[in-house]
Amino acid sequence: MRKTSEAAVPGAPDTTENTPDGQRALRLHAGIAAIATVLCLFVAAVFVHLGSLPLGVAFAVVAALCLCALGWATYRKRRGARG
2 MRKTSEAAVP GAPDTTENTP DGQRALRLHA GIAAIATVLC LFVAAVFVHL GSLPLGVAFA
62 VVAALCLCAL GWATYRKRRG ARG
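Residues 2 to 84 in this note's numbering are what the sequence shown spells out, letter by letter.
To be clear, the hints were calculated from the coordinates, so they are not data collected in a lab.
It is possible that part of the hints are untrue.
[Unchecked claim] Quick list of the computed label-pair ranges, beta carbon to beta carbon:
hint: 1; residue 1: Ala82; residue 2: Val49; range: 36 to 42 Å
hint: 2; residue 1: Val39; residue 2: Ala9; range: 25 to 31 Å
hint: 3; residue 1: Leu51; residue 2: Arg83; range: 42 to 48 Å
Note that the Cβ used here is the ideal one computed from N, Cα and C, for glycine as well.
Using the sequences provided together with the hints, build the complete structure.
Pasting the structure below:
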């Protein structure tokens, strides 16, 4: 049974954040979240510029969620690298 500090990494079956496969999966999660954040912010800015404020706000919220996912992946990656 795994300890709570060695939780499985989503998208990488049978790995933990301490394993090389887990670290690669977390790096992939972080990269995807970073790209998604930038793209969502760009789309939000375009919608605000075009005068569609509700869609701009919606994409800004999605960008904030992507930023949270980036923080989560970075935190888990660093925590796994220490262990």
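To see whether the hints hold, each was checked on the structure:
1. Ala82 - Val49: 36 to 42 Å: holds, 38 Å
2. Val39 - Ala9: 25 to 31 Å: Because 28 Å falls inside the window, the suggested range holds.
3. Leu51 - Arg83: 42 to 48 Å: About 46 Å separates the Cβ atoms of Leu51 and Arg83, which means 42 to 48 Å holds.
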